[in-house]
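K.L.:
Letter by letter, the chains look like this.
Protein chains: 2
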Amino acid sequence: MQYRFADRVAQAPESFLDELFRVSADPSIISFAGGLPSSALIDTEGIARAAREVMEEEPQVALQYTTTDGFLPLRQYIADRYRRRLGILATAEEIQIVNGSQQCLDLFAKLFLNTGDHVGMERPGYLGAIEAFSLYEPVIDTVPLGEDGPDLTAFEYLVKKTQVKFFYGIPNSQNPSGQTYSQEKREAIVEILEGSSTIFYEDDAFGELFFDARPRLPVKYRVPDQAVISGSFSKTVAPGMRIGWMYAPREILKKFNVVKQAADLHSNFLCQKILHRYLTTHDLDAHIRTIVAAYGQKCQLMCDLFDDLMPRLTHTRPEGGMFLMATLPPGLSSRTVFDEGVKNKVAVLPGIPFYVDGGGTDTIRLNFSSASEDQITEGMHRLSRVIAGLSGRESPPYK
Amino acid sequence: MQYRFADRVAQAPESFLDELFRVSADPSIISFAGGLPSSALIDTEGIARAAREVMEEEPQVALQYTTTDGFLPLRQYIADRYRRRLGILATAEEIQIVNGSQQCLDLFAKLFLNTGDHVGMERPGYLGAIEAFSLYEPVIDTVPLGEDGPDLTAFEYLVKKTQVKFFYGIPNSQNPSGQTYSQEKREAIVEILEGSSTIFYEDDAFGELFFDARPRLPVKYRVPDQAVISGSFSKTVAPGMRIGWMYAPREILKKFNVVKQAADLHSNFLCQKILHRYLTTHDLDAHIRTIVAAYGQKCQLMCDLFDDLMPRLTHTRPEGGMFLMATLPPGLSSRTVFDEGVKNKVAVLPGIPFYVDGGGTDTIRLNFSSASEDQITEGMHRLSRVIAGLSGRESPPYK
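Chains as they are written, first to last, in this note's numbering: chain A, 308 to 706; chain B, 308 to 706.
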């Protein structure tokens with residue numbers, strides 16, 4: 308039978324992400340290609356205890372349907388944390404629970420994008436956002452992302468001339484680049500936004516993972532009505548529960564709630580309950596300090612190995628998060644490095660899917676959170692041999 | 308700030324469902340308005356045991372990211388169950404895990420509906436489907452639903468003339484009506500479908516809840532490439548875990564997987580693991596027999612009370628599921644019955660949101676799974692007094 312798919316998916320390419328999960332599943336391959344937080348740093352005992360308590364004390368409630376907005380005490384916890392960490396006067400009414408922050412990308416695009424509408428994002432930009440937005444058939448305009456944030460001239464053009472419906476960015480330890488916006492850039496962004504009709508969408512998956520533990524102020528702090536923040540417990544507690552949130556002005560959240568309800572009624576309640584119990588009976592800050600210390604060390608190790616073993620590659624120097632990005636020597640393609648890498652039991656992610664315009668062929672993304680330090684050392688040596696081997700086969704540029 | 312919402316939501320009405328959850332939350336109100344399975348019949352001990360085992364044996368895996376398609380052994384279990392229960396040769400590759408079957412409605416519509424495309428459904432039709440489909444701005448064509456299934460002339464017109472992209476129906480114990488398609492109707496539907504370009508979407512949330520425990524053959528059994536089935540553990544195990552599935556031809560599922568990944572990467576893995584552990588260590592069939600026995604008795608009680616106390620109302624006589632529908636005496640409006648009911652501490656759901664054309668003002672939906680038998684008895688007495696009171700205030704028709 309010939310299926311009559313909608314236009315939005317008829318051309319959709321198969322995703323690269325599942326290929327990655329499969330590479331990650333081969334234990335002989337050291338993978339820097341995925342985006343997993345460290346399994347070893349998940350507080351499995353603490354979560355097990357929280358799960359036991361919820362199942363002992365109120366199993367009938369936790370296993371029943373609930374309201375779309377999410378478990379109120381959990382939303383309250385999230386709002387309180389914004390107040391405590393960043394001095395932002397968030398309220399529970401501005402928080403909607405979702406299935407990991409990826410769901411915010413889908414539902415927010417659904418809420419704002421008509422076919423052909425313009426939306427802005429960083430270049431390179433997060434693959435999951437490109438995939439989610441594309442299904443609403445917008446025009447995606449990109450702004451080059453530098454060491455300290457987006458190019459302001461290009462950003463201003465998108466806001467003032469193109470009047471993008473919203474600009475999507477990851478100001479803290481961006482995925483894929485690892486870059487963090489400077490305070491100056493954030494202030495300049497606020498100035499450009501003011502008086503415009505563009506919403507700033509801050510994906511803050513990594514804001515709690517700065518190696519120096521110093522919080523950076525979100526753009527939303529200065530333009531609360533004109534910005535939304537998506538957050539996630541995937542990197543601080545555990546991804547498998549799929550609990551994230553959207554923090555947005557109530558007028559937006561009211562409609563967001565309607566599309567959330569149509570999408571899946573509500574996020575799984577059992578995990579909301581377990582997570583809330585965990586958060587209120589354990590010291591999340593201490594747990595995050597442990598994660599951050601480990602990730603900081605791994606990131607430093609990876610950077611050092613790049614500098615020692617592959618001096619012809621340039622790479623970013625993240626202040627936090629889980630990723631860095633490297634640029635290959637001229638003539639080397641990231642796809643070739645991926646293919647040769649897998650043959651040699653080390654996987655990196657080609658930068659290509661992070662560029663909506665076919666760019667990024669000379670970039671690779673590396674995850675430093677998932678592998679152990681020994682694996683990072685061994686994997687980077689494997690990668691350096693792959694790069695050396697490929698470089699040796701290059702035609703010299705003067706030939 | 309003036310937000311520039313997309314056309315698809317600018318007009319979206321606020322949902323009625325959250326109002327219902329709030330009514331349900333008032334313990335002094337006996338609510339037949341919601342759609343909750345019986346909390347008392349959730350096997351909390353069994354699920355607690357399964358949760359404990361998962362958290363003891365493989366917590367790092369269960370709490371980490373996983374693949375979009377879902378936990379393979381769970382998909383295998385679902386496929387095996389189709390084979391065992393219905394003799395359908397389903398395979399795990401045809402099963403995609405989702406966040407309760409509501410997510411199938413959203414993602415399937417996303418996969419097939421361009422703005423202005425025609426989609427068919429029953430009249431009355433499931434509210435959650437209307438809400439999910441509407442966001443893709445299709446034309447929704449309806450087919451009157453009778454005691455034994457949809458009107459075949461209207462159905463044939465939609466398939467052959469309108470050529471709806473898909474027809475959405477609930478052949479087993481429909482929500483809201485409680486009606487079940489007869490075997491003859493199913494066969495006639497198959498004949499009409501054959502050779503057409505319309506997909507038949509069977510929402511099978513209630514197929515395991517027939518009071519006589521006799522399985523009904525899905526339409527998909529006869530036209531496997533032209534039908535999909537959505538299923539759910541919400542009614543047989545527990546809704547709070549939000550685990551359902553889409554059973555579809557692989558060509559459809561491949562693209563469905565792409566939109567699922569863009570929507571939220573994957574469904575929560577911890578609950579997939581707990582659920583699978585529960586299913587493989589407990590006797591689901593015996594558990595379902597317990598549920599079905601209780602629901603059958605409650606349904607009978609509600610029907611008897613209607614006949615005894617409110618003989619001027621007509622009502623459906625469900626063979627299974629969780630709902631029945633009643634038609635009010637001439638002149639009575641369901642909205643008034645809802646409002647007066649809540650004042651008198653009994654809630655029923657007006658039929659209106661189940662009609663895309665503004666119909667249903669004289670119908671109410673009642674849930675019989677959630678309340679206890681005592682509550683049903685008391686609630687139906689309250690309802691009969693409300694109806695009697697309102698009828699007394701009616702102008703006699705001959706006046």
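For the record, the hints were derived by calculation from the structure and aren't laboratory data. Check each hint, because a few of them may be wrong.
As the list claims (entries may be wrong) - When the alpha-carbon atoms are kept at most 30 Å apart in a straight line, the in silico DSS-like pairs for lysine-lysine are as follows:
no.	chain 1	residue 1	chain 2	residue 2
1	A	LYS652	A	LYS561
2	A	LYS650	B	LYS561
3	A	LYS492	A	LYS468
4	B	LYS652	A	LYS561
5	A	LYS652	B	LYS652
K.L.:
Under the criterion that the straight-line Cα-Cα distance not exceed 30 Å, is the pair LYS650/A, LYS561/B satisfied?
P.N.:
Measuring from Cα to Cα gives roughly 27 Å; hence the hint holds.
K.L.:
Taking only the CA atoms, is the gap from LYS492/A to LYS468/A under or equal to 30 Å?
P.N.:
Status holds; Cα separation ~20 Å.
K.L.:
Regarding the pair LYS652/A and LYS561/A, is the alpha-carbon distance no greater than 30 Å?
P.N.:
Violated, at about 49 Å.
K.L.:
Below or equal to 30 Å on CA atoms is what counts here, so check LYS652/B against LYS561/A.
P.N.:
Roughly 28 Å separates the two Cα atoms, so the pair holds.
K.L.:
Mind checking the alpha carbons of LYS652/A and LYS652/B for me, to see if they're no more than 30 Å apart?
P.N.:
Violated, at about 67 Å.
The structure is inconsistent with the numbered hints 1 and 5, although it conforms to all the rest.
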